[in-house]
Every structure is written in structure tokens, then in C-alpha cells.
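Trainee: Each chain, written out:
Number of protein chains: 8
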Amino acid sequence: MSKPNHAVVSIIMGSQSDLPVMSQAAEVLDTMDVPYELTIVSAHRTPLRMVKFAQEAATRGIKVIIAGAGGAAHLPGMVAALTHLPVIGVPVKSSNSIDGWDSLLSILQMPNGIPVATVALDAAKNAGLLAVEILATADENLTQKLISFRTSQTQSVLNQVELLQKQKNGHLHKK
Amino acid sequence: MSKPNHAVVSIIMGSQSDLPVMSQAAEVLDTMDVPYELTIVSAHRTPLRMVKFAQEAATRGIKVIIAGAGGAAHLPGMVAALTHLPVIGVPVKSSNSIDGWDSLLSILQMPNGIPVATVALDAAKNAGLLAVEILATADENLTQKLISFRTSQTQSVLNQVELLQKQKNGHLHKK
Amino acid sequence: MSKPNHAVVSIIMGSQSDLPVMSQAAEVLDTMDVPYELTIVSAHRTPLRMVKFAQEAATRGIKVIIAGAGGAAHLPGMVAALTHLPVIGVPVKSSNSIDGWDSLLSILQMPNGIPVATVALDAAKNAGLLAVEILATADENLTQKLISFRTSQTQSVLNQVELLQKQKNGHLHKK
Amino acid sequence: MSKPNHAVVSIIMGSQSDLPVMSQAAEVLDTMDVPYELTIVSAHRTPLRMVKFAQEAATRGIKVIIAGAGGAAHLPGMVAALTHLPVIGVPVKSSNSIDGWDSLLSILQMPNGIPVATVALDAAKNAGLLAVEILATADENLTQKLISFRTSQTQSVLNQVELLQKQKNGHLHKK
Amino acid sequence: MSKPNHAVVSIIMGSQSDLPVMSQAAEVLDTMDVPYELTIVSAHRTPLRMVKFAQEAATRGIKVIIAGAGGAAHLPGMVAALTHLPVIGVPVKSSNSIDGWDSLLSILQMPNGIPVATVALDAAKNAGLLAVEILATADENLTQKLISFRTSQTQSVLNQVELLQKQKNGHLHKK
Amino acid sequence: MSKPNHAVVSIIMGSQSDLPVMSQAAEVLDTMDVPYELTIVSAHRTPLRMVKFAQEAATRGIKVIIAGAGGAAHLPGMVAALTHLPVIGVPVKSSNSIDGWDSLLSILQMPNGIPVATVALDAAKNAGLLAVEILATADENLTQKLISFRTSQTQSVLNQVELLQKQKNGHLHKK
Amino acid sequence: MSKPNHAVVSIIMGSQSDLPVMSQAAEVLDTMDVPYELTIVSAHRTPLRMVKFAQEAATRGIKVIIAGAGGAAHLPGMVAALTHLPVIGVPVKSSNSIDGWDSLLSILQMPNGIPVATVALDAAKNAGLLAVEILATADENLTQKLISFRTSQTQSVLNQVELLQKQKNGHLHKK
Amino acid sequence: MSKPNHAVVSIIMGSQSDLPVMSQAAEVLDTMDVPYELTIVSAHRTPLRMVKFAQEAATRGIKVIIAGAGGAAHLPGMVAALTHLPVIGVPVKSSNSIDGWDSLLSILQMPNGIPVATVALDAAKNAGLLAVEILATADENLTQKLISFRTSQTQSVLNQVELLQKQKNGHLHKK
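Protein chains in written order, with the numbering used here: chain W, 2 to 176; chain U, 2 to 176; chain A, 2 to 176; chain Z, 2 to 176; chain G, 2 to 176; chain L, 2 to 176; chain E, 2 to 176; chain B, 2 to 176.
Hints in this document: simulated from the structure, not taken from any laboratory. Because the structure is a prediction, the values reported are computed rather than measured. Ideal Cβ placement from N, Cα and C applies to all residues, glycine included. Worth double-checking, as some hints may not be accurate.
[Stated by the list, open to error] Simulated coverage check for chain W against chain B, where a stretch passes if three residues somewhere in it have a Cβ under 8 Å from a Cβ of chain B: (1) 54-64; (2) 77-84; (3) 88-102.
[Said to hold, decoys possible] Straight-line distance between alpha carbons at most 25 Å, and here's what the computed SDA-like set of lysine to any residue pairs gives: (4) Lys167(E) / Asp31(L); (5) Lys167(L) / Gln17(Z); (6) Lys167(B) / Thr152(B); (7) Lys169(E) / Phe150(E); (8) Lys53(B) / Glu57(L); (9) Lys94(U) / Ala59(A); (10) Lys146(Z) / Val158(Z); (11) Lys94(U) / Lys53(E); (12) Lys53(L) / Ser18(L); (13) Lys53(W) / Leu159(U); (14) Lys169(E) / Ala59(L); (15) Lys94(L) / Asp100(B); (16) Lys169(Z) / Glu28(U); (17) Lys146(Z) / Gly114(A); (18) Lys94(W) / Ser96(G); (19) Lys167(U) / Gln154(U); (20) Lys53(E) / Glu28(U); (21) Lys53(E) / Ser24(E); (22) Lys94(U) / Thr40(U); (23) Lys169(L) / Ser149(L); (24) Lys167(G) / Asp31(B); (25) Lys146(G) / Leu20(L); (26) Lys53(Z) / Asn97(Z); (27) Lys146(B) / Arg50(B); (28) Lys94(U) / Val162(Z); (29) Lys169(E) / Leu159(E); (30) Lys146(U) / Gln156(U); (31) Lys53(U) / His7(A); (32) Lys167(G) / Pro36(B); (33) Lys53(E) / Gln25(B); (34) Lys167(B) / Asp34(W).
Isolated chain W, as found in the complex (with noise of 0.2 Å):
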């Protein structure tokens, strides 16, 4: 984990399979300026690495984890489990799962004590944003970038909507 002492976020993921999809949680904090370390933590393959790694997080500095996992999906509830750290859970739709219900309800239906925040199947782009708005809480620079980021993201309908009113003028619409 390249400059750990930096990293605020910590992008963690069940295998590497996983890759694809929680890599968009780091482009995100990419765009944000945010550091974070990316690495692979199996609960199941490499269980004490897991344990180690959740209960070393806050001492390493890390303020938030983002989980990723398919499946019977147990990483980012024991992670939370070791952790008082907030960790946003990424349900994966993996090859094997039934359409992503096994994941997405192993990760959501954590019992009363242990949250995870979980996002959507594979919405591993929220967990980034997610993050951010978490720790903006307590740092005005990043709200400011969030708040741009929303202004775009609203522009950027408006230009599709543009578009797709010049579109319309040409064909779609009854005259």
C-alpha cells in the first residue's frame, strides 16, 4: 500500500475478480484529490489478513473503508465488525451469485450494533462519492468540491436534455 501514512480512504475488495467494478470508487477519489490505497482482502481466503488489516485501519490513518465483495459477502461486515471506522459496503454482482441478492443482502442486513453503509450492485462509484461526503463533514475544501461535482453533473443533464430538445425539434415531436 503505496504511502499509507497519506491514504484517508481505504478501497478493499474480496478478489480480484472485483477489480473492474471497484476501481470506479477510485476514480472518484481521484477526481476529489482524495488519497486512498487500493488492495485485496479476502474474508474467507485470508482471514487474519483481514483482521489485521481492519484493526490497524485507524492507527494507519485511514478514516473511511470501502468494501467490496460478491456473494456470500462477509468482508464488509467483519471488517466493520473490527473497525469503528464507518465502512461503506459495494455489494458485486459476481459470476456466481444469484443476480446479486446473495451479496447485496449479506452486506445491507447487518445486525443491530455493527453498521455498514451499503450502496447499490456494483455501484462502486457512490461508495467513492460517499466517502468524500463523509469525511467533507469535517473539511470545507472537499464540500466545495462536491458541490461543484453536483453543479456538473446537473449541467451535464441539462446539456442532454438540450440536445435531445434539438433532436426532437427534427423529428420526434408532433408538430
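Please arrange chains U, A, Z, G, L, E and B on chain W, whose structure you already have, making use of the hints.
Mentor: What follows is chains U, A, Z, G, L, E and B alone, placed relative to chain W:
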């Protein structure tokens, strides 16, 4: 909303009938001495109140919003769309819902761009804990309270273990 | 929105990616010579545009709104909350949805007080027909067009019946 | 059916056991002074009565049909197939249904060509409101009644807000 | 319908798109030399043809009806409501269905009083076999054909067993 | 099994706890004067009895088998695999089942080659009626009984219609 | 844990509330004279106890672990990840679960590499029997006990058959 | 079945089409040098072969049975009913199944008295590992092989971690 200048967490719910569930979030915040406000904001019956609430929450000093709703639960997602604050969504298993699946999916499956930190069905207690975890990322005092909470939660299980062990010595265990 | 003074149906959708589905509603209205408008209104990325759209629709002469969205689909229900016009909801099976269940339940399971007239998954054509049926309750001309549409729809099945019958006489049928 | 020459909405249901749910649609129409009829039409046990009912409804002056049924609920869709009037379907969670999924899907998932305006499970009140919204597209008087209904519905939530606020000032709120 | 005076099984389907599935029922009947007819009867697009078909089927000498449909599949249940003949329902997983759940539940969950003998999703072959089993209750010749069919079906599995055994002796099996 | 030489329908169930549901099939057969037997045959706890039962049923003069079971319900399908008689499957919503989905799918989703005529969850009455419909394909007397049953079933709905009409004239109907 | 040097099966559960279900596993082991221990190990509230338990189980002489949990049930899978002993998972339908689907999928859908032998919802009795079957693969004495259990289980059904037969001779059976 | 006197695990499947999935169990046993047999036993198409297979398995020296099947999957449960050996069930997502739910529930939801050790959908590899774990309860040599397998499985994840770390140092990581 009493002392709104002090509240840092806002607990809102779509209907008075959600109060028995949602007040469990308030109890957690009481325990942790986190100032909060609690009110009803209906996405469908008071949409303009919802817009105003969401737009002004950050300015009023709110840091985290906890929103609970049942059925086609639009409150958490719509509030999230109108603020850059982290929004924690609590799916409530209301009387008319389809076993809770409708509120769960309506809150969890947000499109990329607008995250909602979803907790388990009726898990308002976890929503309260998650709010504290978020605030604790910038508050060492709250971090210590969370660590104490976790320790005493673990101890309470260990007490049950011991009690069960004593009972078993009498009856259950095979000699 | 071209000729907004004339449009009586407004077709809106949460995202450009819903256009291939939602344009089927437009085709029905074209066929029936019902003036409409079609645009993108995102509940989550352009919430204020949505509020304005919904509040002004009736004043602009709109009689029926058709709203399509995928995932945690809040657009139909939120628009319905902000207007007294009938709102027809089209659940769209978007790429990230859980087989369409999320959009279906998010649109259908509205609380009492704010109805949304929901049609089948991706059934924008039926949304267009339902809009015409609604307008036809006060328009004898449209009623005649609906009756013609039904007649020709029935005839098209009867033509298939006949064609199949001819084919069977050659191969399929047991002699 | 008393005063059938006056009724403009027809409320039908597949079985007497649906009456407690379906009479909520009647109550809405009573409130709004919309003349209606209410009767039992079973798709499966009185299919010919259903055909006759659906074919004659428009001629009898009916403008909107509300049809509720449970289990494999064919009544709304079959009536819709036999009339050009808008048909509102109410899935009823009957005792033998699989948690309501069967009636919900049997009513909602109509093929293209024959729409049914489906409302939430057991949401007969919303079916009544939707019928009024449809009629109001050509009735300024009804439109005003709908707007009043919405206003008083909003006010009733605001009253709950105030009441809750008073209670909180005593107990719930963190000082 | 060729030789309707001879056909004893009627295979009907809601749409031409169901033909690839439903023709598998015809193939079984061909194999067993059971005379049948096959046609399209749409509950929603040709409701009166459906009523006529169902009412006259017994008089025309039909003994068993096989009805396949997708989505909100009302054809099998409505035909069953209009005849005392046994009706076999085939849920078809059409392109717009929700993974087949809608057709499955719309056909299976009939209310008491009107049974439909439902087979598995897309299992038209089994519908054909069930029709033969029903006719065989009063036809010793057909019974013998069924017994032969079962014997050769069993034999075909045993042949696969033997083939697999030979292959394993080369590769798969641990020595 | 008393008078086994006379019984033509065999009602079997996997467990004594299925009796309240399955005896409704017996009541239908009693009404129609169809001789039957009724017993417990557990696929899992008495597998050899099941094999013997299924293999001998046809020889003993049984024409139709009705088999009910809950949970992972293997009885209907296994009996069907061991006889060429038509087997009607009744999914029973037993106390340990997952809302009946397990028994429903275990009975319905039979592979091609071995059909089971499945009825709705707990719909033993319909299983009885379906058995009669099957026998009636070769029994004019039974056909007449079925037609009478249908007629009186229709009449009983019409009586409810009339009763409801009288009540409405007093209260429910809008004047 | 009394006589841990003797126990060969370890029954663990995530919460005291699982005891009524899980003690059924203990009863089976009592009946079969298999020494066991029974305790609470919470994956989420006592994660380090869980790690220690799982790592030491084999050394302590445990041969099979039975683990029951509800909701997002991570206990069976995490214990399986930390031991090479066979782990039997019992999904428990806890009060906050979504009809048991969450615990079922969280336990069953383990990734390749770490199996959990899952039994039916709340089926702790079967978990006990499965543990005995596993031990019996190397214990002729236990094998005989299993065979006796099966024989008496079969006999108990046959007794019900006889009892039912007697009752039917009086009432139920058609003469 | 070659060298049946040596095989201690029997891998059976309902259909040749299950072979690509089920041969993954064989590969695990090959790796671990556990002698096995592999064959097709169809519960529905070769029921008597299944009875014979299950009754004789223990006598032939089989210690564990792995049974895979799709759709209404009765093979694992029926074999379990006919033997006291532990039976591992593999739900196979066959082409006609409803997304695998039918096979999953048909295998998992066994009634009390007859357990089936169910693994995840298509998880034949885990079935093989579970068989080894069961045999290892009385075989120190196999235990060592399992421990080695786990170690190398963990190491393979750690290798991925390292590789990812190197890649990140180039691109992904925020500097």
C-alpha cells in the same frame, strides 16, 4: 426543532408511523451525547418542505441526515439529491409494504452520482451508530465513546456466554 | 419543449439511456395525433428542474404525465407528489437494476394519498395507450381512434392465426 | 347497480372478500362527490358476466373502471381487453396469495396493447384518487377538489410535525 | 384448424412468439399419434375469440386444452373458467417478463373453483406428455405408448451412463 | 386403504401435518361421488413405501394421483417418475417453508420427460376438481356433475352480487 | 465449555436468541450419545473470540462445527475460513430478517475454496443429524445408531398411516 | 464405475448437462488423491437405478455422496432418504431453471430427519472440498493436505495483492 443551532444530526421520517423504529436512532445519539433534531418530512405529502429541509440542512449546521421511510421510499434518495451531506437511509417495513422489499430497494438502488448509505430493514439503531462513526472521523472524543460502546457490547455477549455455560453445566451438556 | 402551448401529454424520463424504451410512448401518441412533449427530468440529478416541471405542468396545459425511470426510480412518484395531474409510471429495466425489481417496486408501491398509474416493466407503449385512454374519457374523437386501434390489433392476431393455419396444413398438424 | 345512468366510475372486485380493501376506493369517491357503482365481477367464476360488464360499461356512461383482485388476478386485465376505458388495477393480498406477488404481477405485467393502470398492493384508496385525477383532466370542479385534498393532506402532516415537536421538547430531544 | 372433428387436444398460445416453445407440445403428440389442433388465441387481443374457443372446445370433441402464455398470462386461467375440460398451463418466459415469475404466478395461482394444471416454465414438452397421460386414463393403447416412452427415456440415460463410464476409464477417474 | 379395488383417485401427502389442506381434495371427490383413497406417503421418511405405492397404483385401478407436500417437496415428482398416471401436485405452505416458495418450485419445475400437474399453493380443492376433470374426459356422468358444479359456483357469486347491491342501496352508494 | 477434551461437536450460535432453534441440534446429539459443547460466538460482536474459537477447535479435539446465525449471517462462513473442519451452517429466521432469505443466502452462497454445509432454514435438528452422519463415516457404532434412527423414523410414519387409515374407515373415505 | 471397491466418494448428477459443473468436484478429489466414482443417476428418469445406487453405496465402501441436479432437483434429497451416508447437494443452474432458485430450494429445504449438506449454486468445487473435510475428520493425512490447500490458497491471494500493489504504484494510486 429545538436548539437547531446545536443539532448536528437530523433524523427525519416519512410518516408518524415510522416513529417507533426511527426513535431507536435517537436513543443511540442520546447515549453518545450527540445533539440531534427529529421530525417528520414526507417526500410525497410535503414535497416542498422536503426540498427546503434538504437545501437548508447544511447551512443550519447539520452534518449527517438519517432518513427513514417505508413502501416506495423516496425520502432518503430525494434528500440526498438536494444536499451534499451524507444521508443514511433506513428502510422501514411498513404495514402495506411487500415484506419490506419495496422500501429496501427504493432506498438502496440509487443511481450513480447520488449515494444513500443504506442500513438493514428497520435498523435505525445502526443508522444512529453509523452517524456517530461518521462524526467520529473528525472527533477524538466520539471515537473513544464508540470504542467504549463496542467494548461493552462485546462484554455483554461474553456475559451471555458465561450464563449459558452455567446453565449447560446443569442440563444441556452431554456428560 | 417545442409548442408547449399545444402539448397535452408530457413524456419525461430520468436519463438519456431510457430513451429507446420511452420513445415507444411517443410513437403511440404520434399514431393517435396527440400532441406531446418529451424531455429528460432527473429526480436525483436535476431535482429542482423536476419540482418546477411538476408544479407548472398543469398550467402549461399538460393533462397527463408519463414518467419512466430505472433503479431506485423516484421520478414518477415525486412528480405525482407535486401535481394533481394523473402520472403514469414506466419502470425501466436499466443496466444496473436488479432484474427490474427495484424500478418496479419503487414506482408501484406508492403510499396512499399519491397514486402513480404503473404499467409493466419497459411497457412505454402501454403508457402511451393509457394516456390516450385517459384523454379519451372526454374526447369522442380519441375514443374512436382507440376503438380502431383495438380492432386492427385484433385483426393482426387473426391474420397470424390464418397464416399459422396455412403452415400447419403443410407440416405441423397431425393427419 | 343503483342509478347506473349516473355512475361514472365502476368499482368491481373478484370476490366478496376483497370488499374491505375495495370499499376504500368508494370512500374516496364519496368524499369527492363522484357518482360510482360497486359490485362483484369474478373473471373466473362469472366470466360471461365479466364480458358483458366490460363491453357495456362505456355505453352505460362509465368513464373509469377500478378492478381489484387477488391471487392469479385476471379481472383487471381481462376487463381492459374488453373496453377502451381506462382500467385501474388493485392487487389485493388475499389469504391464499404468495405474499401478494401473484396478484401484483398478474395485474401489472400486461402485454403491450392492453394497459392496466396498476396501483400498490391493497391501495384501493389510491385507485379512487387516480380515478378522480383522470376525470379531473376534463372537470375543473374536480380539479379544485383534488387540490384541496392535497392541501389538507399536506396540512395533516404539518400538524403531526408540530405535535411531535411539542413532545420532543419534553423528552426525546438532546439538550 | 384442420380436421377439427378429429383433434382431441387443442394447443393454444397467446402470441406467435410463443410458437417455438409451444410446438414442443405438438411434437410429443405427433410422436404419440394423438390428433391435435394448434392455434393462436390471445386473451387480451382477441378476448371474444377466446370465449368462443373455450365454450365450444368440448362440443368440437376436444378432451384436453394446452394453453401457453407469457407475462401477465391470463389465457390458461380464462379458458379454464369457460370450459369444464382439463386445461394445462404453460408459463412462457417471454422477452418482457420478469424472469418468468409473472407468467408462472399468473397461471399457477388460480383461485379455488377453477384449476389449471400448470407445468414448469417453458415446459411445453411436459404439457404434451401430461395431455397424453390424461387421455391414457381411458385408453389402453396410449398407456402402452407412455410406458414405452418412459422405458426408452430411461434407456437413453443408461446409454449416457455407459458412455461416460468409458470416457472416465480414460481420463477423469482417479486410479 | 379401504376398498382399494374401487378407488380411482389416490390422495397422498408427505406428512400428517398436510392433512388439513389435503382433506379439501377429499371433500371435492366426496361431493362428486368419486371413490378415492387417502394416505400418508413420505418421499423422505418412507421412500420404499413410496416406490411401491407409485409402481402399483395403476395396477390397483388408480387413475389419477393427487400428491401434496411442503418444503423441498419431492413426493409429487418422484411418484410421477414411477408411474405413467397423471400426478397432480399440491404445494403445501408448511411451517418451516420459505413462504411456500420452496414447495411451489420443488413441485412445479420438473424436468422435461416427467410432468407434474401443479396447482396453486395449498389449493387441494382445485387438485380434487382437476382430478374430476381428468376422469370426466371419459365419463359423461362426471362431466354433467362438473357442469352443475360450475353453474352453482357462478350462481353463488351472483347471489353475493345481489346481496351487496341491497346493502349498497342503503349505505355505500353515492346518491 | 464443560469437558472440552471430550466434545467432538461444537454447536455455536451468533446470539442468545438463536438458542431455541439451535438447541435442537444438541438434542439430536444427546440422543445419539455424541459429546458436544454449545456456546455463543458472535462474528460481529465478538470477532476475536470467533477467530480464536475457530483456530483452536481442531486442536481441542472438535471434529465437526455446527454454526447457526440470522440476518447477514457471517458466523458459519468465517469459522469455515479459519478451520479445516467441516462446518455445518444453520440459517436462522431471526426477527429482523427478510423472511430468512438474508441468512439463507449469507450462509449458503460461499465462494469456491471455503465450503459451508448448509441445511434448511431453522433446521438445527438436521444439522445435528448431519454431524452424526459425518462422524459415522469412521464410527461403526454411530452408523448403527443412525440406521436405528432411520428405521424408527420410518416406523413412526407407518404408525400415522395406520392411525389415519382407521379414522378414514369411519369418516373420510368414500364408500 | 471403475474400481468401485476403491472409491470412497461418489459423484452423481441428474443429467449429462450437469457434467461441466460437477467435474469440478472430481478435480478437487484428484488433487487430493481421494478415490472416487462419477456417474449419472437421474431421480426422475432412472428412479430405480437411483434407489439401488443409494441403498448399495455404503456397502460398496462409499463414505460420502456428492449429488448435483438442476430445476426441481430431487436427486440429493432422495438419495439422502435412502442412505445414512452424508450427502452433499450441489444446486445446478440449468438452462430451464428460474435463475437457479428452483434447484437451490429443492435441495436445501429438506424436512427434519433427512439432511442434505447443501453448497452454493454450481459450487461443485466446494462440494469436493467438503467431501475431503468430512473424510479428513478421520484421516490425518487428508487433514494435512487440506491445511496445505488452504495455505496455498491464501498465498495465491497474497500474490495477487502484491501484483496489484505493483500496478498501482504506476497508475491507480493517488500520489
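Trainee: Could you work out which earlier hints the structure fails to respect and list their numbers in ascending sequence?
Mentor: The structure breaks hints 1, 2, 7, 9, 11, 20, 23, 25, 26, 27, 31 and 33; every other hint is satisfied.
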